[in-house]
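> Sequence:
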Amino acid sequence: MNSKTQCSLLVIATLTGLLAGCNPPASDQHLQEQAAQATEQAKQGSKQALADAQVAAANAERAVNDVAAGVKQGIDNKTPATAGARLDLNSASQGDLASLPGISSDKASQIINHRPYTSSHDLVKAGILTEHQFENIAGQVTVR
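Sequential numbering of the sequence shown, starting at 1, is according to my numbering.
What the hints contain is simulated information worked out from the structure, not anything from laboratory work.
Be a bit skeptical, because a hint or two may be false.
What the hints assert, rightly or not - Computed Cβ-Cβ distance ranges for the label pairs, DEER-style:
id, residue 1, residue 2, range
1, D66, H132, 28 to 34 angstroms
2, H114, E135, 15 to 21 angstroms
3, K72, A126, 31 to 37 angstroms
4, V67, S104, 29 to 35 angstroms
Built from N, CA and C at the ideal position, the CB exists for glycine as well.
The task is simple: from the sequences and hints, build the whole structure.
So this is what it looks like as structure tokens:
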């Protein structure tokens, strides 16, 4: 129960107590009407609390899903484990080359079979990669 609901219920209880203690009801009918009003107010307060809880739950679920998607993306990311280090096209393993975005195991084999390279752009010159494919990995490869 959130503080808003607790406050509403406290106000209702206080008002009910004051009404019952300070103003004795003229009849049983009057007391029943006061109880009915207090109950209706409590119902409205609980409906609002439920709506607030549902919004909070939806926000929490969205946050958890965003975190899970980020974790999955991090797991699925095909950048080399040594982030920041560039792969040397002349010495990288087939597995390391295949970890590059858009580079399949077969494409990695072609890269190995066409060694040595004098520049990383030789992958395009040799017809192994298109210019677009090369642009996707250019920042992650080098030639030493």
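> With reference to the structure, classify each hint as holding or not holding.
Tested hints:
The hinted window of 28 to 34 angstroms between D66 and H132 holds, with their beta carbons roughly 30 angstroms apart. Taken as a hint, the range 15 to 21 angstroms holds for the pair H114 and E135, whose Cβ atoms sit roughly 19 angstroms apart. The hint said 31 to 37 angstroms for the Cβ distance between K72 and A126, and at roughly 35 angstroms that hint holds. For the pair V67 and S104, the supplied restraint of 29 to 35 angstroms holds, since their beta-carbon distance comes to about 30 angstroms.
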